[in-house]
Each structure stands twice: as C-alpha cells, then as structure tokens.
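Colleague: Sequence:
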Amino acid sequence: MAKMGASRKELNSYTIKGTNKVVRVQDRVLIRPLDESRPPHVACVEKFEKDNKNNVKVHLRWYYRPEEVGRRKFHGVKELFLSNHYEVHSAQTIEGKCMVHSFNDYTSLENVGDKDYFCRFKYNAFTKAFTPNRVVVYCKCEMPYNPDELMVQCEDCEDWYHPACVSMSDEEAKKIENFICSECSSHDDEKTSQDEFRSSPRVDGEVMTHSINARFVFNGVATQGLEVVDASHSIQTLAQQCGGEVELGVAVGVKMEEVAVAMSYEQCG
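For what it's worth, numbering that gives the first Met the number 0 labels the leading residue of the sequence shown as 0, then goes sequentially.
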C-alpha cells in the first residue's frame, strides 16, 4: 500500500495564474474570500504542495482583522493580528501579494499603499487572547498609539497627546510649533515659585529641611537610579552653603512612563 501523501511534492514557489507574480514560502498573500463583498483575507504562506494531477495546494497561517475579533478605538485601519489558525486552500485562491510590516516599520513609512498592513499583536483563535497582553499607553486618555490618529508631542516631557484631549483641533495641532502640556506648564510654574523661595536661605545654624518633587518621562520607560543634575543644582548649592548633604531617591510610579523623583536636603546642626 502506498503511503498517504507519497504522491505529493513540496514546492518552493508558485506563480499566480495569469500573471508573472511569483509567491514564495513566508510571503504574505491576499486570499479571495467566499463572499466577494468582503475584503480579501491576509495570510502567511507556510507551504506549497502539488499532487500527481498538478493541483497545487497552499498551507496558510491566517491574519485576523480587528472587525473579526472586536475592533477597539486604538486599532488602526490597516492593523492585523497574526493567529494560530491554519488552513489549506487551492493556490488558485491567491489574488496577489501584500506586505505585513512590524509596527515600527509601518509608522516609518512615508507612503502607505493599499497592500501595506501592520501587525503588533498575536491572536490565539482558541482562547481569544492577545500577545502581548500589555502595551504602552499615551495621552491623558491612556490609550495605545493608533497610527491613523494625529498626536502632538510635549517639548518638555516628550509625551504624546491627542489634540482633542488637550482642547485643540487637528488643524491647530498641525500649526503649533512648540507645545507644552498642562502638567509640564504647572510644574514650570511650581519650580519658579520654589526657586524664588530658595533664593534667600537661612544659614543661622538652625536645622532646615526643604524638598522638591518632579516628574520626568523618558520615551515611555521608567528608569531607576536616574541622576538629575540641573533640577537638583539649586538644592545642592544651598545644602553646601549650610553644610548639609543631598539625598536623591527615585521611585517608579504606577504608569510605565512615569518616574517620580524626590530630592531633599537637611542642614547638619
């Protein structure tokens, strides 16, 4: 008895019928849907097989669209989720090739074409779970980045904001040259008043304690052991005048992108 599959031959590539377009293993392709009113499916080619009648089958790993699993506000128009759903189809269902970029590569594209997509999550079709299950959030609304939505960056903290979340229209955001978020603006005002307070320190030998709290954002990453030179300069100067010592402590906040920095000095009596 012949072994099952013995008459099948594995192929390295396939030429789309009626064209000169060659599809190879690991290419991303557009698959003709049963319902022609729907957009084509997107899949990754895992393998080509040809039987003894020259019929070619293609083994596919499916990408899901947000509409198929529940679209959320931060999902992009061209976003896809790589799944663990595999199917075998006739190679004749391949309509063409496309590109599925990484999230970073997609956001760097100067021009996004009709066949450009991006993927930043994997989707388990059986457990309905996404990987990764955490993602960096931005703006006051604490939403992941949607490349289809305009955002403005604060000149001070370098965090990103949706214009609507900072009471600004998209047109205004496109024209603004230097944007400072409300938090940084209030911190600047607070620092100015504290600097004025520290400009006349007491040096009569009595014990003095002053403190200043500041918030810093560094590209969405909380950094421990941060050395803040400029912000602590006035405290260091005052402490030296009083013969005190400067203590610098760093505490990571709840959000990934926040670092709370506390600085204090105490004069030695």
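Rather than coming from a laboratory, the hints here were simulated on the basis of the structure. As the structure is a computational prediction, the values presented were derived from the model and not from experiment. The beta carbon of each residue, even a glycine, is placed where N, CA and C say it ideally should be. Misleading hints may appear alongside valid ones.
Label pairs and their computed distance ranges (CB to CB) [unchecked claim]:
| hint | residue 1 | residue 2 | range |
| --- | --- | --- | --- |
| 1 | 154 | 67 | 32 to 42 Å |
| 2 | 143 | 168 | 19 to 29 Å |
| 3 | 112 | 143 | 17 to 27 Å |
| 4 | 163 | 87 | 40 to 50 Å |
Colleague: Which hints, by number, does the structure contradict?
Modeller: none
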